[in-house]
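4 protein chains.
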Amino acid sequence: MELPGGPTQEEVIAVALGKLRLKPRDRVVEVGCGTGAVTLALAQTGARVLAIDRRPEAIAAMRERLGAAGLTVDYVSGEAAACIEGKGPFEAAFVGGSRDLGEVLGILAEQVSGAIVVNAVLLSTVHAAVETMTGLGIFKEAVQVQISRSHPLAGSIMWRPIDPVCVIVGRGRLRCS
Amino acid sequence: MELPGGPTQEEVIAVALGKLRLKPRDRVVEVGCGTGAVTLALAQTGARVLAIDRRPEAIAAMRERLGAAGLTVDYVSGEAAACIEGKGPFEAAFVGGSRDLGEVLGILAEQVSGAIVVNAVLLSTVHAAVETMTGLGIFKEAVQVQISRSHPLAGSIMWRPIDPVCVIVGRGRLRCS
Amino acid sequence: MELPGGPTQEEVIAVALGKLRLKPRDRVVEVGCGTGAVTLALAQTGARVLAIDRRPEAIAAMRERLGAAGLTVDYVSGEAAACIEGKGPFEAAFVGGSRDLGEVLGILAEQVSGAIVVNAVLLSTVHAAVETMTGLGIFKEAVQVQISRSHPLAGSIMWRPIDPVCVIVGRGRLRCS
Amino acid sequence: MELPGGPTQEEVIAVALGKLRLKPRDRVVEVGCGTGAVTLALAQTGARVLAIDRRPEAIAAMRERLGAAGLTVDYVSGEAAACIEGKGPFEAAFVGGSRDLGEVLGILAEQVSGAIVVNAVLLSTVHAAVETMTGLGIFKEAVQVQISRSHPLAGSIMWRPIDPVCVIVGRGRLRCS
Numbered sequence: 044m045e046l047p048g049g050p051t052q053e054e055v056i057a058v059a060l061g062k063l064r065l066k067p068r069d070r071v072v073e074v075g076c077g078t079g080a081v082t083l084a085l086a087q088t089g090a091r092v093l094a095i096d097r098r099p100e101a102i103a104a105m106r107e108r109l110g111a112a113g114l115t116v117d118y119v120s121g122e123a124a125a126c127i128e129g130k131g132p133f134e135a136a137f138v139g140g141s142r143d144l145g146e147v148l149g150i151l152a153e154q155v156s157g158a159i160v161v162n163a164v165l166l167s168t169v170h171a172a173v174e175t176m177t178g179l180g181i182f183k184e185a186v187q188v189q190i191s192r193s194h195p196l197a198g199s200i201m202w203r204p205i206d207p208v209c210v211i212v213g214r215g216r217l218r219c220s
Numbered sequence: 044m045e046l047p048g049g050p051t052q053e054e055v056i057a058v059a060l061g062k063l064r065l066k067p068r069d070r071v072v073e074v075g076c077g078t079g080a081v082t083l084a085l086a087q088t089g090a091r092v093l094a095i096d097r098r099p100e101a102i103a104a105m106r107e108r109l110g111a112a113g114l115t116v117d118y119v120s121g122e123a124a125a126c127i128e129g130k131g132p133f134e135a136a137f138v139g140g141s142r143d144l145g146e147v148l149g150i151l152a153e154q155v156s157g158a159i160v161v162n163a164v165l166l167s168t169v170h171a172a173v174e175t176m177t178g179l180g181i182f183k184e185a186v187q188v189q190i191s192r193s194h195p196l197a198g199s200i201m202w203r204p205i206d207p208v209c210v211i212v213g214r215g216r217l218r219c220s
Numbered sequence: 044m045e046l047p048g049g050p051t052q053e054e055v056i057a058v059a060l061g062k063l064r065l066k067p068r069d070r071v072v073e074v075g076c077g078t079g080a081v082t083l084a085l086a087q088t089g090a091r092v093l094a095i096d097r098r099p100e101a102i103a104a105m106r107e108r109l110g111a112a113g114l115t116v117d118y119v120s121g122e123a124a125a126c127i128e129g130k131g132p133f134e135a136a137f138v139g140g141s142r143d144l145g146e147v148l149g150i151l152a153e154q155v156s157g158a159i160v161v162n163a164v165l166l167s168t169v170h171a172a173v174e175t176m177t178g179l180g181i182f183k184e185a186v187q188v189q190i191s192r193s194h195p196l197a198g199s200i201m202w203r204p205i206d207p208v209c210v211i212v213g214r215g216r217l218r219c220s
Numbered sequence: 044m045e046l047p048g049g050p051t052q053e054e055v056i057a058v059a060l061g062k063l064r065l066k067p068r069d070r071v072v073e074v075g076c077g078t079g080a081v082t083l084a085l086a087q088t089g090a091r092v093l094a095i096d097r098r099p100e101a102i103a104a105m106r107e108r109l110g111a112a113g114l115t116v117d118y119v120s121g122e123a124a125a126c127i128e129g130k131g132p133f134e135a136a137f138v139g140g141s142r143d144l145g146e147v148l149g150i151l152a153e154q155v156s157g158a159i160v161v162n163a164v165l166l167s168t169v170h171a172a173v174e175t176m177t178g179l180g181i182f183k184e185a186v187q188v189q190i191s192r193s194h195p196l197a198g199s200i201m202w203r204p205i206d207p208v209c210v211i212v213g214r215g216r217l218r219c220s
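Residue numbers (my numbering), protein chains in the order written: chain A, 44 to 220; chain B, 44 to 220; chain C, 44 to 220; chain D, 44 to 220.
Fair warning: there could be bad hints in the mix.
No more than 30 Å apart at the CA atoms, straight line, and that leaves these computed lysine-lysine pairs for DSSO-like [as the list claims (entries may be wrong)]:
| hint | chain 1 | residue 1 | chain 2 | residue 2 |
| --- | --- | --- | --- | --- |
| 1 | D | K66 | C | K66 |
| 2 | C | K130 | C | K183 |
| 3 | A | K66 | B | K66 |
I should point out that these hints are in silico values taken from the structure, not numbers from a laboratory.
The whole structure should be built from the sequences, with the hints applied where relevant.
Next comes the structure, spelled out in structure tokens:
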């Protein structure tokens, strides 16, 4: 869907989740939930998730995946910027895909008190996420995740890499009174 | 300590934790806990941890780290094979370092019902873990984790890689009655 | 020097050279030669090299390195754009560093008939090189080179990665009459 | 063929060639030439190549590839150990695949005066090559080569990795009188 290269792989989700540093009951907003691979992982931490995607069919697929696991999340289908407004505050945000990353990050910077994590595979998105976060004064770090998985061959194993993903991490400016 | 290359890095811990698939209250044994970087992450999931290290000073350092986080784990200082016997069953096991990996994996295969995860950076350890698990019929997969982190430079960022780590995953043969 | 992360490593030079597809007696221009690690490799192929660097001390270091290997190249110290004008045509170009990459690539596109290779470690430079080449209609491909080297440890080896480098490849528009 | 993962990719060939440090007119033996991707690169350096493969159809494919490039090499179809005996001395050797790596490396150690390079993708082969070379006292280094290539997507690029390859480098013990 929005995230080129197919659904986010479990190892990449694990790294992104680690950067989010969620505590149970934290409120986290997910922009571009797609079919819900990351949504499921977020919900399994005990966090309260608001999942956003502009495609109703993505929301439906996500809900089916969550339901099969006996989990529920809040959700809304629409453009992220409009969907986030007035829904905060959040402890954390995850952006798996967005058409207007700059605007979304600007809003998240004000609505989030903790980690804002963007997963990106496009060079232009990696560059834009780093530049935008830096401009907003919220950039913390980025990591490139390159995972190779074993495949059995000739009685041993060889390595087959999955597409590398950049995990860009910022920190929201919202400070609780 | 036992794990060459220094303490396990957070992104690598995240991937290993993902492979362990711990549920709260699971019992997990950690072989070669070192100074406790992984122990802390295990304990934070709500699992009940038995941490083993043959070096008393490692156990002391681990306990201090856990205590600073307000967490406690069971622990024992000694050779892993002897320390595990009679302490099971466990839902999962993590091996961060061991002098006698073959013997330890043989014991874990019988004492663990879920994931057995070995982190290794030495080529000979990676090879031995895969071969031993395969011989025991418990090998599931291995992943190589290559993480690069951003470093600010000249108004942009460059990537600085950390040492790659192999995460070798098996599944214990213990079946609950 | 201009290229963050120190001199280009031999494996990265090998990949870049492969992309240049030099034939003996080809004329190749190198922008940002630094202390000459790549210059030496270019000269060893039998190509005729014009090495450019705006820092006289870099040129001096490069010449000393080449002289120690019994090789000579043409060279000029100054801003690349000015130094290239009127010096072509070239069969190939290598850019190891430049202050004004956009202008340099624009000039090279007209002066080079074969491969134009840019090595970059900064995210902003990778992005700019791809975007500029694409805008000029000369972009062919980019490859990310991640090399890990063995280090002896405990009777075996572990892997120590060197900084990843992007090699961006274009093709000059100069067509020989 | 013998080398799992298909023909050796150009960037990996470039790194391996760099490690071979061939000079024009050097004699190099290639064990497991397959369809000749590496053979062609070896021949293009001006080295004199002896290509060995136990499969006549591989030799035929290699010869066709070389012929199309206007190049010729010596060749022999058979088991490597038998084919090498009495054919040296060589300045360098490249092993792309072999059934009996240990025996072949033992012979090459005595017949080669310069670099002996083994490309391997199987974990067991990497391990065996390092262990055997170390036992023979000829191990120099190993490098893991992880290349990702750009793929155009959504007006930008993403990275698609190719299978990582280990390049294991030794140095033959033959000393010229």
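| CA of K66 (chain A) to CA of K66 (chain B), is that 30 Å or under? | holds (15 Å)
| field | Holds or violated: K130 (chain C) to K183 (chain C), with C-alpha atoms at most 30 Å apart | value | Roughly 24 Å separates the two Cα atoms, so the pair holds.
| Under the criterion that the straight-line Cα-Cα distance not exceed 30 Å, is the pair K66 (chain D), K66 (chain C) satisfied? | Holds, because 15 Å separates the two Cα atoms, which is no more than 30 Å.
The structure is consistent with each of the numbered hints, conforming to all of them.
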